[in-house]
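Undergrad: Residue numbers (my numbering), protein chains in the order written: chain L, 693 to 1084; chain D, -12 to 591; chain B, 21 to 181; chain C, 431 to 605.
Accuracy of the hints is not assured; some may be wrong.
Below, in silico cross-link-like pairs of lysine-lysine (DSSO-like), each with a Cα-Cα straight-line distance of 27 angstroms or less [said to hold, decoys possible]:
#1 33/D with 460/C
#2 600/C with 58/D
#3 2/D with 912/L
Here are some, though not all, of the chain D residues that point toward chain L, as calculated from beta-carbon distances under 8 angstroms [as the list claims (entries may be wrong)]:
#4 -3
#5 -1
#6 0
#7 23
#8 45
#9 69
#10 70
#11 72
#12 73
#13 122
#14 125
#15 170
#16 193
#17 194
#18 196
#19 418
In short, the hints are calculated from the structure, not lab data. For glycine and all other residues, C-beta sits at the position ideal for the given N, C-alpha and C.
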Amino acid sequence: MFSFQPDRSQYPDIGPDGKFEIDLETGKFLKLWQGPNHPGITGNMSVELTVNGDEVVEGKTHVGYLHRGFEKLMERRTFIQVFPIVCRVCVPEPDFNEYCYAAAVEELAGIETPEKAKWIRALILEMGRFNSYMMSIGGIGGALGNGIVGQWLTYVRDLMLDRFEELTGARIYHMFILPGGVRAGLPEGFEGRMEEVLATAERYLDDTEKLLFTNAVFKKRTKGVGYIDPALFESYGVTGPNARAGGVAKDVRKDSPYLVYDQLDFDVPVEHDSDIWARATVRYRDLRVTIDLLRQILAKMPKTGEVMTSLPNVLHWKIPRGETYIKGESSRGEYGYYLVTDGSGYPRRVNVRGPSYTHAMALLEHLIPGTNIADVAALMVSLHTYPPEIER
Amino acid sequence: MGSLRDVLSPFTAWKHVIETPVTLKNPIGREAADRYRGFHQNDTEKCIGCGSCETICQNAAIDMVPVDDPKEGDSGLRPQIDYGRCCWCALCVDVCMTGSLTMSNEYTWVDTDPDAFRFIPGVDEKPWDAIAKGYQRPGERMLSGLTRPEMMEMEPEARIDNFDEIVAGYSREQAVLEADRCVECGLCVATCPVHMDIPDYIAAIREGDYDLGTQILYETNPFSEVCGRVCTHKCETVCAAQYEGEPIAIRWLKRHIIDNVSEERRLEIVGTPQVLPTGRKVAIVGAGPAGLTTAYDLARQGHAVTVYEAQDHAGGMMRYGIPEYRLPYDALDRDIAVIRAQGVEIKTGVRIGSDITLAQLKADNDAVVLGIGLHMGRSTRVPGSDAPGVEAAIDLLRRITAGEEVPVPKKVAVIGGGNVAMDIARSMARLQKQKYGAVGVTVTALEDFAHFLADKEEVTESIEEGIEILDARGPQEMVTFKSGKRKGEVKGLRTWKVISIFDDQGRFAPQYDEADEIVHEAEMVVEAIGQMADVSLLGDELTEALQWNRGRIAVDADGHTSEPWLWAGGDSVHGPDVIHAVADGHKLAASVSAMLAAKAEVAK
Amino acid sequence: MKAEALSKMTNVEEVLETVAEFDREAHSFYTDLIPKVSKDIRYIVEELARAELEHIIKLRGLLASPNMRAHLKDAILRPVADRRFSDAIQAPELGDAPDDQEVLQYALAREQTAIEQYSELAANTPPGPMHEVFSYLANEESKHKSDLEALYYQIVHSGGV
Amino acid sequence: MRELIEHLTPRYSLGAPVFQRPGLTFVDVKRDKLRALLLDLRDKHGFTHLVLLTAVDWLEEGRFQLTYLLNNRAADQTLGLRLYLDRANPMGDTIHDIWPTAATYQRELREMFGIAFPGSPRVDEEFILEGWTDMPPYRRDFDTLAYSQQTFVERGGRETHEPRATMKHKLYPEG
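Assemble the whole structure, with the sequences as input and the hints as a guide.
TA: In structure tokens:
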């Protein structure tokens, strides 16, 4: 109905290696920076695009606008002092940093986490996933001209931030999952207030479904666009919803259950088209699963019990030489902490494995050539990128 | 592609047009959640200024600033927080040793002066100071251990028939666990009479560097092995760890260091005087902790030191007052060996005043130091207190140590509630157990358990060993046989119940319930109340010449008496306490040394 | 009957005279004792002497006050404790060179006697200036005794622990 | 996992394995055996997912550790291969042809640790740090505190006091 073929008569020749020979002097190319300040970019990053007409022939991801050297800062801090800074690696979904770091320290230091703390950790991680998906779906709506979805879902996210606030004492950086457990149990009446948020969320999601997922324009802009060949998944380290949208049911919660996920009843939504539509849909469906998981966790969580183990004096805390890798399924895929200790009171090395690291660098750069410039934003957003986890 | 539904469905979004907006009209003033982490509050009365909050702050947002003069157990410093750096992680609240530091749930504050955001919570008044909501530590302190490892001790059955040492000392694992609990605030250092570098030697334990630990101990205390066992550990009473748990077992940690260094190694670490002999001579009367510490210091400065001791062995009250099961003689001997190795000559069995006069010492030496201790026991002087069978605890303890035969009847009553009373009760109990296979000791103390003078563990251990302790009982009479072969000998102790021992101002004013009278059957009654110094060695002339201060020889801050050649210190001047005596020893040595240096100047 | 009643009764002036005599005697007793005891414990005797002197001065001031003068001839019941009180004035039993504990025990006994004497006198006087004077004196002696007991506890019971 | 390691050890002269927990194993590998081992693991043993590639600076030991973390999703097994490089002249072998995404990791390692990966695409392009002239900052001998003190101005008005020294100064200055 709306399809048209671009006029390729102005296109440059393709070289013997199958690539364009980009020579700006020819006047056939234009360099265009999408970001670091651009409505079609997520966070502090930019893509250096080389366009020919409205087709992008090359894209290079640039990060580093917010590099704070977290991994290095962690090496200068004692094990407990690392705790407050890990969450800052990822603003929209900070809790995986807290969980992975805490679990890594616990493993290397030989500390047991109380059962109830595991449930609360899972609760927090799902709350974070809820918020992250809200931003992601709102973002993809926004990137495709449907900003109202972004406003609705930001409101819903804010309601969840209220729950974060009353549970953890903070809205964005919760600093709640300490090595040894969590800081506190649930406040009085928390379950009821959470249910109100979830019900509101469901209402807005129903509206979102009508506005976004039952929308001819949205479908037109997303179906068949930004296709990722599932054969590339392993080569490019694709995980999470990006892989699940291409028929691969990768989900750490299922593949390698942590915390209490083996005690929860849930299915991993899978789509098969591996395009922007499929990625948005898989997130939308997984968000519905998350809402269900939040209800399950609150219902199944032990009502009593300790939430924190007494630690050795953290001011002199030393951890024997060793290394470990702890991972979890974030809203964007496999999130992990590689922690190396050397017997001293400081980590020897902390390496944060964020899913955006592979998705927004090698993969995005691979996907961009041949994309219409108008679709770059949607492509980017559909990969669900959080730049700080690339540059850390 | 694209059905009609896909075209129409999006229009349903228009229904939101008639919805009430969800945004807050005025977000400033919105109250945060109950446990929100907002601006700090500090209960400055509770805060001890230990600085753990500053240590843990990963953003260096906290400075410890003086707001008051320091006093025992309180540095007078309080945390000042720079909110330009604070990340609201609340680790400072979690680590706070007293629980004084909390956070209100107030988070909005507008000020045009950036420096206003740096203030001292609890000192600089803020509107949120009284807000109860906010972040408090949910339970007990979780970031540093609350309890000390249990000390391995001999079971009561195993220890009651012998004088073997009861306390085993910490293992490496236990010591590291305990050393780990220390937050290194150093509040204890000021309280320790000799200002031992406690956090430093505890750190040495954590590092496993016992040589360094020993070196640190010897910088301030040549009686570390003794003090590691019997110190009154005032340091532990100001320990930051005590507020929500047990104080660090500083005494046991000190002992752990010495336990892990052989005697030979210790001598190597401490070494011998590294200066040329000065040719100055100092005589010290009494080989107790004060005298020997003085001797140690002076010898290391190259002075020729001779210590005169009336008993057959050196050690003073550490040997003759403290029972072997608390302080084995060989432990004491190892400390003394290091002192002797400095060239200190100890002449035992020489009683000044009878064998040699003080005047003689004065004539032969550049200075004389008195460290004579409190070797005479007080008596209640109640009727019958001079009867055969009534003993003074301090005298009895000395005889047991000296290996003399002491009478061991089946029933013994002890008067007194201090550590000496426990010492003699437990010593007699051991002798009874050896002789009869059973313990028959009753301790009667004036004080009730709430005001007891003896250490808690002494009381507990005594009871474990089968000793009966009756609190709040006032001695009225030593009951004696009125006729028969044993006429005049003690057959019991009559006591009245003490209703109150102190008046409302805390002054001693015993009130008795005369109706509650008990006669404790006993063939020996031991008086273990106060002690006094035997100052007869001074002679009338010197006694008259000296200045006195309420029964004790008057000394200045350096231990110098009113006689220019004479110094005095230790128990007889400052009351009974080993570590205090060591502190006195250092002071005396410094003062004597200064005088000798001045003399040397003049001689030039 | 009447003779007995007479012997039971005395007057305020007489009573106060006895009290003053008691204090004067005590003061000179302690003053004499000072050089006899060893120098190290002399502070106790000196303090005791000083306390008695203060007492004498206080009593003299009382007697001189106009309020008191009006009541000097008031009749008053002779205290039962009077006998012991008089004894205490006359026959101090303390050796030639007593030690600190003996001195304190002696002083405590004297204080006890004085307290009993004044308390009884206070009980025997109707509410009014005289009653208050005796109550005050009893109270003074009690305080002094408490101080002495504290000293006694410190010296005899708590040194050595 | 033990069986696999036993099977691979003689063939690739692996070091002693560390079975960190069920599902996570670390083992040392020599540089000349790395490539063959990676291919073998990827193609024959299901370790198709390169989880991460990073370095650890063992400054005191004079070497860098490269950690190749591989995952076999079906078996829920993660294997960490540790490869040691001479710190004085750190040179790694590019594996971007095995996992294209490795190029990003290698570019970062080049920038942050100064480890060369000849042949890796765009390996010398600036990645996170633009205009950086100091030593590679993730090396242990790069002092972040000193850097920040040189680079940024401290705000005034700050002074702290040590409890112990304060008490000594006030309570027993002579001792």
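Undergrad: So, for every hint listed, does it hold in this structure?
TA: Against the structure, the hints come out as follows:
{"no.": "1", "hint": "33/D with 460/C", "verdict": "59 angstroms, violated"}
{"no.": "2", "hint": "600/C with 58/D", "verdict": "9 angstroms, holds"}
{"no.": "3", "hint": "2/D with 912/L", "verdict": "24 angstroms, holds"}
{"no.": "4", "hint": "-3", "verdict": "5 angstroms, holds"}
{"no.": "5", "hint": "-1", "verdict": "5 angstroms, holds"}
{"no.": "6", "hint": "0", "verdict": "5 angstroms, holds"}
{"no.": "7", "hint": "23", "verdict": "5 angstroms, holds"}
{"no.": "8", "hint": "45", "verdict": "4 angstroms, holds"}
{"no.": "9", "hint": "69", "verdict": "15 angstroms, violated"}
{"no.": "10", "hint": "70", "verdict": "15 angstroms, violated"}
{"no.": "11", "hint": "72", "verdict": "12 angstroms, violated"}
{"no.": "12", "hint": "73", "verdict": "10 angstroms, violated"}
{"no.": "13", "hint": "122", "verdict": "5 angstroms, holds"}
{"no.": "14", "hint": "125", "verdict": "5 angstroms, holds"}
{"no.": "15", "hint": "170", "verdict": "6 angstroms, holds"}
{"no.": "16", "hint": "193", "verdict": "6 angstroms, holds"}
{"no.": "17", "hint": "194", "verdict": "10 angstroms, violated"}
{"no.": "18", "hint": "196", "verdict": "14 angstroms, violated"}
{"no.": "19", "hint": "418", "verdict": "44 angstroms, violated"}
Checked against the numbered hints above, the structure breaks hints 1, 9, 10, 11, 12, 17, 18 and 19 and satisfies the rest.
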